[in-house]
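Protein chains: 6
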Amino acid sequence: MRRGLFIGRFQPFHKGHLYVIKLALKEVDELIIGIGSTQLNYEVNNPFTCGERLQMIREALREENISPDKYWLIPIPDIHNNYVWVSHVESLCPPFHVVYGGNKHTLKLFEDAGYEVKEVEIYGSGEYSGTEIRKKMLNKEPWETYVPLAVASFIKKIKGVERLLTIAESK
Amino acid sequence: MRRGLFIGRFQPFHKGHLYVIKLALKEVDELIIGIGSTQLNYEVNNPFTCGERLQMIREALREENISPDKYWLIPIPDIHNNYVWVSHVESLCPPFHVVYGGNKHTLKLFEDAGYEVKEVEIYGSGEYSGTEIRKKMLNKEPWETYVPLAVASFIKKIKGVERLLTIAESK
Amino acid sequence: MRRGLFIGRFQPFHKGHLYVIKLALKEVDELIIGIGSTQLNYEVNNPFTCGERLQMIREALREENISPDKYWLIPIPDIHNNYVWVSHVESLCPPFHVVYGGNKHTLKLFEDAGYEVKEVEIYGSGEYSGTEIRKKMLNKEPWETYVPLAVASFIKKIKGVERLLTIAESK
Amino acid sequence: MRRGLFIGRFQPFHKGHLYVIKLALKEVDELIIGIGSTQLNYEVNNPFTCGERLQMIREALREENISPDKYWLIPIPDIHNNYVWVSHVESLCPPFHVVYGGNKHTLKLFEDAGYEVKEVEIYGSGEYSGTEIRKKMLNKEPWETYVPLAVASFIKKIKGVERLLTIAESK
Amino acid sequence: MRRGLFIGRFQPFHKGHLYVIKLALKEVDELIIGIGSTQLNYEVNNPFTCGERLQMIREALREENISPDKYWLIPIPDIHNNYVWVSHVESLCPPFHVVYGGNKHTLKLFEDAGYEVKEVEIYGSGEYSGTEIRKKMLNKEPWETYVPLAVASFIKKIKGVERLLTIAESK
Amino acid sequence: MRRGLFIGRFQPFHKGHLYVIKLALKEVDELIIGIGSTQLNYEVNNPFTCGERLQMIREALREENISPDKYWLIPIPDIHNNYVWVSHVESLCPPFHVVYGGNKHTLKLFEDAGYEVKEVEIYGSGEYSGTEIRKKMLNKEPWETYVPLAVASFIKKIKGVERLLTIAESK
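Residue numbers (the numbering used here), protein chains in the order written: chain S, 87 to 257; chain H, 87 to 257; chain P, 87 to 257; chain Z, 87 to 257; chain W, 87 to 257; chain X, 87 to 257.
Same shape as in the complex, but just chain S (with noise of 0.2 Å):
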């Protein structure tokens, strides 16, 4: 049995994220999805709450067919001592053996702690990311393309695109 993590904020759930875990899954038997910076929340890089990035992601896993016996969804708090987290995230997690990322900081953590890490190159560039689809909406431009279709639909139910608006309205 073989493990991998894979840790992202998910402000939102992308096409991008979504790649990953495919891939992942094509490679490991179970993957441990990790939800980072839980406590944030109601800003304007963070919209969304940790409770509603879960209801995001598995919606759109179930979309896709992808059993839940396959993955685990560990919403993961932040501390700030890098050398730390490692083992914060280990306390967290069912144990794991392998690191998917597009992050060279966290990837360099997790292999100076004896991990493999793959690095995963499509993620996180390009129009494929959290930061750019934020920036969609705030210019009212479209952003639902780059995410999956419940997604886009679970955003739209929790009038998530207002939110952000009304965040950034105010600095």
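Hints listed in this document are in silico derivations from the structure and should not be mistaken for laboratory results.
The C-beta atom is built at its ideal place from N, Cα and C for all residues, glycine as well.
Some hints could be false.
[As the list claims (entries may be wrong)] Stretch by stretch, here's where chain W covers chain H in the computed footprint (C-beta under 8 Å, at least three residues):
#1 126–140
#2 181–190
[Stated by the list, open to error] According to the in silico footprint, chain P covers these stretches of chain W (three or more CB under 8 Å from chain P):
#3 123–132
#4 244–253
[What the hints assert, rightly or not] Label pairs and their calculated CB-CB ranges:
#5 Lys221/Z with Glu197/X: 16 to 26 Å
#6 Asp115/W with His166/X: 47 to 57 Å
#7 Tyr201/W with Glu230/P: 36 to 46 Å
#8 Ala199/S with His166/P: 45 to 55 Å
#9 Leu235/Z with Glu113/P: 42 to 52 Å
#10 Ala199/S with Lys108/X: 36 to 46 Å
Following the hints, position chains H, P, Z, W and X against chain S.
Showing chains H, P, Z, W and X alone in chain S's frame:
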């Protein structure tokens, strides 16, 4: 869609917990199982890490053929302001409607916040209690029958009883 | 202009506290009443929120015709470093010159920091103590005479005794 | 009895703040004035301690003959979870019904929690803004007319501008 | 180069501690002496500040002609997650290879993280224990022989016993 | 006996720091070297752990034949209340009388608390600054001459520049 919430420390997950979960799943479409005091571990009263408790619960529910589509496993870090705690739980979870539990204190907080609450009589009473099970482990009495089979074998695999005994030895 | 400081948890505000305040107000121009452990509430030893304690005190002092010009009501969150605590209080309050209290531990800290301190003998002794009053509430004995009238009626209005009993029931 | 809430950092308290308070006091019986970011001080953007801000506000309102019976001055420490923040404020204050402010972000949080909110147009716009006043202080331009007389003389008494300049010098 | 680690609260530093340090220094090139619970002070169980404990230890070791080149004195603030604690210690200290102690709980954590551990039998047993020494101070019994001379005279200089008695008087 | 205090982040320890230490040691009997922001590491602005910084400094001072009897190396964790910070430092250190530094902000805090302060002109100016040295490392320019020899070889041994480059790559 009706969602329930059931929070425990699950040190360890036992048959009393399983009873509540099965009962709740007859009444709601989905149940959120909140892992409380996530940051406590390697203590006499909290021997298992959050990651270990997640594994115990998932394996016990798999053994019972309870589909992971029916429940959410969500770690809930402690905060030390009870009034604010309900809101803290809300920020971490998808929306819920009814709260199950044996602890009147917790139920009171959710009730005062407007939630429906259901006190579950059997839970925590008598032998099906984490405290009693840890006591049996410490006294080298049989404890295995009080937890699901999957939990007993998981605890053996990670040498949980040996860990508890070592911790207890040093005051 | 001479200012005094008097810090308590006020769980609940009782006649012993009122006695100290009246005594201090004969000696100083203004008194700072610090509400300690602001973040604790809905616990057996800390049943009331900070907001509720602020209301109790203000209503009790209004009943005594003590002008709000004479006192400051300032919440003081706990920090867990006693040496630093004096400085923490200073950062939250206007300057003060003399510290009133019954707790020698607290007075010692302020005295070591150079403040004049006044130990108030009667305060906290015997029946005029928060612990004793909460005990009476839990034992369903009369407790009303130990607190100002305004506090007794406030506690009844918010169903404070029922809350305390519910909290206590669940250990 | 109708109570309002108005939260600011008050670095320093200025005439824009005073305007909101007077306006609110025409509509409510009592106003809670919440001092935000209580723990920040001796910083370029937060030069004054909580205790100093409490003094400024009390002296400015006394100057305006606003009775302390009409308002509550309550420090509100920061927490870094916006969703939970409303509940945090509730735990620290007496109950309130309407929230005044110029910051749409804050108002959104209270509105989503079910409170009536009132956006106050003039507040924070143009010259009546803490940022602008601190900038004038740093540039050695006149700033006194933007704050109540009592605040100007308080800041002079504590050598607030000199403090700000020293802090700013070392980046 | 082989480095050892020895962590204690040192409330106060006593001859049992000194025994462990001397023993360890026969086996390693350098010893890290970690001061635990750095933030606790002015409490019955933690009367001395971190700064005072650093002084005690340095003076006791100077008295023994132990060169400061042979040891590191490093304060270790508490964190409340035992699993993560080992990593927290690693981030604060130079690399170490063997952990000395009398507390099996602590040793277990380091052992599970892959360190060599050495249980030191005599340490903490019987009279050479901080708890016993504080008890003697509180009972006004002789305590001086249980600590190095330099520590006894340091405690007298700062009036440590008087402080402990005052703290103990108030609850 | 006169003791000085000098606090820095030492990311990394450079010749400007060494200059201040040598200068101070001419004026005081002992110098406390406080390592600030102990919890920050593996960041672009804070690449080294506290443990690594302790090693750098000790090795650099050994190289200069500065006896460890003359200085104390004490980690100072951040707290986010400047006013309280002086008291926090006092609780962690032996008593001191004069504070050395180049940062007027920090010196102001100690001065307001009654300490003698000495602004050290050269420190932090121009090339002898942590920011400049990290910039050179990132630009693959020579940085070694700005730090003591022992520090340069320590950073090479732990592959510090490679770490910084990896961290910087991922924003």
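Cross-check of the supplied hints:
no.: 1; hint: 126–140; result: holds (count 5)
no.: 2; hint: 181–190; result: violated (count 0)
no.: 3; hint: 123–132; result: holds (count 5)
no.: 4; hint: 244–253; result: holds (count 3)
no.: 5; hint: Lys221/Z with Glu197/X: 16 to 26 Å; result: holds, 25 Å
no.: 6; hint: Asp115/W with His166/X: 47 to 57 Å; result: violated, 38 Å
no.: 7; hint: Tyr201/W with Glu230/P: 36 to 46 Å; result: violated, 60 Å
no.: 8; hint: Ala199/S with His166/P: 45 to 55 Å; result: violated, 30 Å
no.: 9; hint: Leu235/Z with Glu113/P: 42 to 52 Å; result: violated, 31 Å
no.: 10; hint: Ala199/S with Lys108/X: 36 to 46 Å; result: holds, 38 Å
Hint violations for this structure: numbers 2, 6, 7, 8 and 9, all remaining hints satisfied.
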